[in-house]
Amino acid sequence: MKRRHLLLAAAGAFAYGQTGSPGFYAIQNAMIHPASGPAIPNGTIVVRNGLIEAVGPSVPVPAGAWTIDGKGLHVYPGLIDALSTWGLPAAAPAAARPATPAADAPTGRRRGGGDETPANVQFLDDGGPEDRPSNTSWLKAGDLVQPADATLTAARNAGFTTAIVFPSTGVFAGQGSAVNLSGGRAGDMVVGSPVGQYVTLPTRSTAGFPASLMGSIAYVRQIYIDAEQYKAAKAMYAQNARGLQRPAYDRALEGVLESPRILLPATRKVDIDRMIRFGKELKIPVVLYGGAEAWRAADSLKASGVPILLNLKWPEHDRDGDPDAVESLRTLETRELAPSGAAALSKAGVRFAFYTTGLERPADVRRAVKRAVDAGLSNEEALRAMTLGAAEIYGVDDRLGSLENGKIANLFVTDGDWLAERTNVKMVFVDGKKFEPAPAPAGRAE
Amino acid sequence: MHRRKLLSGILLAPFAAYAADGTVVIRNAKILTVTKGSLEGSILIRDGKIVEVGPNVNAPAGAKVIDAGGQYVMPGIIDCHSHIATDAVNEGAVSVSSMTGTGDTVNPEDIGIYRALAGGVTTANILHGSANAIGGKNVVIKMRWGKDTPEIVFDGAMPGIKFALGENPKRRGGASEGGLNTRLRYPATRMGVEDVIREAFTDAKAYKAALDDYNARVAKGERLIQPRRDLKLEPLVEVLEGKRFVHAHCYRADEILMLLRVADEFGFKIRTLQHVLEGYKVAKEIKEHGAGASTFSDWWSYKVEAFDAIPYNAALMHKKGVLVSLNSDSGELMRHLNQEAAKTVRYGGLTDDEALALITINPAKQLAIDNRVGSIEPGKDADLVIYDKHPLSNYAKVQKVFIDGQVYFDRDTDMNERAAKAERKKALAEKQKAAARPAGNGRRPQ
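Residue numbers (the working numbering), protein chains in the order written: chain X, 674 to 1119; chain W, 327 to 772.
Some hints could be false.
[Stated by the list, open to error] To give an idea of the interface, some chain X residues facing chain W are shown, with a C-beta separation under 8 angstroms as derived from the structure: (1) P802; (2) L817; (3) T876; (4) M887; (5) D899; (6) Q902; (7) A906; (8) Q918; (9) P920; (10) L930; (11) E1006; (12) R1008; (13) E1009.
Just so you know, the hints here were simulated from the structure itself, not pulled from any lab data. Glycine is no exception: its CB is placed at the ideal position from the N, C-alpha and C atoms.
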C-alpha cells in the first residue's frame, strides 16, 4: 500500500499534476468538512467510480483502494462558482449586434442638407418585444462549454470542481448548466442542465429595444406573458389540430419555458425589492444575483423566500477615479458593509451562495470570502455558500455540494484551513478523478 | 364611525408605527386652505386624515399637539410633472413605448424625494420622458421617504400615460447633437409624430376588436386559440375606454391643436397638456376639449419650440377657464414650486388662492386625486406643509412636512443630524481611500 501511494505522488509530479487513476481511493485520518454537518476529525472518505462511497469517523478502508494518508490534511467538498462563464467561448457581441461607431469618428460627417443620411447610419427597425431582440434563451451553456479551456484548470487548482455556467450576452442570455471542471467532452462535464435562464436588464443600448431599465423590465414581462399564451396554444393544438390555426414555433419562448428558474440582477436594496416583486408577478422561481446591498435586505429576502447569489467582488473605491469626488454616504456605507451581507443573510436564514465574477486570482477569491468571515460569517457558513448552498439553489444538491454517501466525488484536499493565507491545495477530485495542482512557486502562496 | 372603521383597515396597516397616537393637533397656525379661504386656528388630524379645521378645535386627550407658532400651513404641494424617484425615464429605442412605465422603476431611496419634501412637495406625478410620440405609463407617488415602493405609490390614483409632440420625439431615438449616435428611428418630423399616434390607436382599435371577437366567438362555443396579450396596445385601449389619462408633452399651438383633433377623431381625451408654453394662444380650444394644462411659470427659450413663451401663460389659460397647474419637470425646480406659483401673482394678477391652487388643488384635480389631497378640508389626507413665512414669499422656508398626518420632514431635525452624518461620511471616505491605495509594488491583478 505504502509503495503505491509513493508511486502515485511521483507520477503526479511528472505528469502535469494529474495522475492516471484507478478511480478507487480512500483518504484516511483527515479532517473532513462535509458541509452538510459538523467536521469529522480523523475521518475517512472512500471514493469509487466517481462517487463518494463512504464518509465518516470510523469507515473501514475497503480492499483494493488506493489509500492516502490524510494526516494534517483537510478534505472539503469541491467549491462551486454559483454564477460563471468558465469554459464558455468569449461572448461575441460584435457579431450579434451592429458595431457602434468609433468614438474617434470625425465629426461633421453630415454634409449638405439636414436629412442627408451618412453612409454608416443604420436605421432602427423600431422592433419591440414581438421581434425577440437580445434573446438567445434557447442556448444551453452545457452545449457550449469547451473542456480544454485553460480557465477550468486554473479554477480546479484552486479547489473549484463545479461551476454553474451561463451564456451571458443579451437580455435573455440563455440557460445555465452545472458543469464539473473536468471531462473529455462537454457532455461528460454536465451535471445538471438546464438550471435556469440568465436575464440581464440593460439600462442602455445603442442597438435598439430595450434601451432602458424600464424597457428591459417591460420586455421580460411581455416574454413571460407570451410564453404562457404559447404554452396554452401549443397544448390546445396538440390536443386536436383540426380547425385551429397553427401556433408559430418560437424558439425564444421554447427556451424560456424550458428554464426552471430565472436569474435576475439585483445589486441595491431597491433592486432586490423590485426584483422580488417582479419574480412574484412572473410566477416563476427567481434567483437574484449581485447583492452588494444584501446587508440591508435580509428581511425582504427572508420574507420572500427568494435566494440570492452574492458577488465576491465587493464594491471598492475606484483607484482611477477622481480623488476629490464626493461620494454619497450611501455609497460609502455600502462599500463598507457589503461583505457583511453574507452574515446578515445567514443570520436571517436566507438561502445564498457566492460567485466570483470579477475576481481573477484564486487568492483574491479566498481573501474576498475571508472578508465575509471577518464581517461575521462563520467558517462553516462560508464553506456552505461555496458548496452545498449553491447546489441547493439550483436543485442539484441531490448529487453535489457536500461529502455524503452516494454524491458525486467532487472534493479538494488542503494542508490547512482553506481560507488561511498560506494553505495549499494538495489534491482535487472531480467525478472521482484525482488532480494534483502543480506546487506553488517558492515564496508566494498563490 | 363607519369611515373610521374603513380607515383603520386600509390606512393603519402600513402606518402602524404611529397608529397608537394617531391624533395630532396643529394649533396657532395661519391656515391657507386654498379652497375654503384662510383663517387663524387649528387643524385636527386623526388616523392620517384631516378631521376638523377651525379657529378653535378641541384637542382630545392624548393628542400630539404641534404649535405652529403663528406660522403658515398650506396643503402639501403636488407636482404634476416630475422624473425623480425613478431609475429610468425614457425608453427611446421605439417610437411607441407604452409597454413601459415608471411604476416598474420607482426608486423610493432617491434623495430627490427627500429634497422634494424639503420644498414642501408631498405628491408627484412621475412621468415617462418625452423621447417618444407615445411614451410609457406614469405613477403617482407620495413622498413617504423611508418607505418601500408599494407604500410610496399613491393608492387609487388614476393610471396615466405620457405622449410627446415636437422636437423631442422627432429626434429619432436619442440621436445626439453631434451626430455621432447613428442609430435612428422614425419619426423625424412633426407630421411623423402625428402619424405614429394615429397608427398606434388604429392598432389599438384593431387589437380591441380582435379581443372582443375572440370573446364573443368563444362564448358561442367556438374552439379558438386565445390572442396574444399585447402590453404595448393594452394601455392605449385603456385610453380609448377612458380608463387611463393622457399627459401630453407639447409646446407649439399648432401641435396642440393637432393632438386635440386626433384625440377627438379617435374618441379619447387628453387629460393634461404638459409644458404647453403656447397654450395661451389656443386656450379656448384647450378648454373646449376639456384638457388641463400643466406649465412652467417662466422657464423658456431652451429650444426653438420653447421660444414663443410668456410668463402670463398660466394666468391667461386660467382666465379662459382651463384647469391649470404649475409643474417642475426638474428635481431642482421642484423644491421651490411655491415661488413659481408666486410669479403668477406678478405676471397675470392671480389672487393668492388662485396662485396656490396652481400647485395644490388644480394638479390634484388633473390627476383625479382631489378627493384625497390638494386642500385643507375635513376628510382629506393630512398632507400639510408648515412655512415660516407666507409660502408666496421668496423668504419662506419649509419647517415641517406632514403626509397622512405623519412628519416626513422637519427642518430642525435635519439641521441637527447634519454634523453627525458629515463626520461618519468623512471617516468612511478616508478609510476607503486609504484601503484603495495600491499596496507594496502596486501590482494590479492580471
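Please name the hints from earlier in the document that this structure breaks, with their numbers sorted from lowest to highest.
-> 2 and 10
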